[in-house]
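J.: As given, the protein sequences belong to chains A and B, one line each in that order. Here the first sequence is numbered in my numbering, starting from 1 and rising by one per residue. Here the second sequence is numbered in my numbering, starting from 209 and rising by one per residue.
No lab work stands behind these hints: they were computed from the structure. Computed from a predicted model, the values in this text were never measured in an experiment. Hints may contain errors.
With the C-beta cut set under 7 Å, the calculated list includes, among others, these residues of chain B facing chain A [said to hold, decoys possible]:
1. L259
2. L276
3. I279
In this text, a Cβ means the ideal position worked out from N, Cα and C, and glycines have one as well.
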Amino acid sequence: MADTEDISDEPALIKAAQAGDTRAFDTLVTRYRSRIYGMLVNLVKDDTEAWDLAQKVFIKAWKALPRFEARSKFFTWLYRITHNVALDYHRRRKITGDGELDDRQLNAKTVISSAPTAPSETPRPDEALARTELGDHIQAALAELSPEHREVILLREAQGMTYDEIAEIMDCASGTVMSRLFHARKKLQATLAEARANFLEKTAAPGE
Amino acid sequence: MDHEHHITQWADGTLSGEALTNFEKAMATDSELRAEAEEAREMHKILSGNLTIERDIPNAQSFNSGILKAIEAEKIAPFVAPTTQKTNLLPWAIAAAACIAAASTLFLNSGNNSAATTRITYTPDPSIDAKVYIDEEAGATVILLDGIASIPDDQPIAPKTLISRALPGGSGSRAFFAKHDQAQPSMVLTRTSGGQVRIQDVY
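Next comes chain A alone, as it looks inside the complex (with noise of 0.2 Å):
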């Protein structure tokens, strides 16, 4: 659900905005505004908030820019911005300890229940609805997680990012990430126990 797929002209664009070209900068923000708006959506759970942080992670991404060496992908370079304004946020509102999210801070309706690994066809009712309830249980377990198993997981599953990209993101060692990853999908998977097996009941293929 990018505005723009094509990344092609991205260098060209960065190193322009680099150089004071505003127009170019409103290119890049039309390119990944609706992924910023989401995870922060996500992360404080206000659509409006969302919607201010969203502008100030860009106005910081701008201030920055000059600093940006391509060392990694300017969305990666972008949601360490959005992650550091999310943890502005809390700190600010004094919701949590020591800058962590708060679990109680993501919202669980406002995450999409369409993916882009989804099958491509138009599913049958029966099986959207179920894949509907599915998504349902899914965001409700998140909320249980802890911020960083919760973050993490948004990140690798919705995002596909490396375990690099996300430890950069989230200033860890990317073998924290892949723990984090183990513990979370585990918690995940006992939390959904009775969801998966209701779904997988209501889309096996009439016949099976």
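Please build the complex by placing chain B on the supplied structure of chain A, with the hints as guidance.
T.: Just chain B now, kept in the frame of chain A:
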């Protein structure tokens, strides 16, 4: 720990080469390990097929125009490295940051202050004169200090939370960043042509 890493990598399909061969051999002889790994892979498939964090942004045009307006304003913001004389600012910059710590903490949380608000400053050394004002155009609290003495370069300054970096251009100005967020400086220090220390808290 390797156990956790290998299961995660196998579930994600990122385990390869000798590590993959060894892990598959281990699974062939350890049914518990195989079950655990297959559960992780199944969970990965379910999650990646049902989660996305992208959302269409409301009022998209207004969103972009608000950003452009802000960055146009940023172009004239004075925290961009000035082109004044080259000076080694680190020693007194550290001193300045240290001596106004209490005051700057007060201002960090005062985003809605108007220029008319009375500022109270405290400096441990009475020979240091501090003046504070809001620079509305730059969206910044500015603190001017007179009388800062040099202190050694190795003087610690909140090393766990703060780092400083010289701004480019050879101006001698230094930007201070929170360690967790090095994308934007929290504070920039420069010396004015009048020899004062100019501390700008960027918010």
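J.: Take the hints in turn and mark each one as holding or not.
T.: Status of the hints after comparison with the structure:
no.: 1; hint: L259; verdict: holds, 4 Å
no.: 2; hint: L276; verdict: holds, 6 Å
no.: 3; hint: I279; verdict: holds, 5 Å
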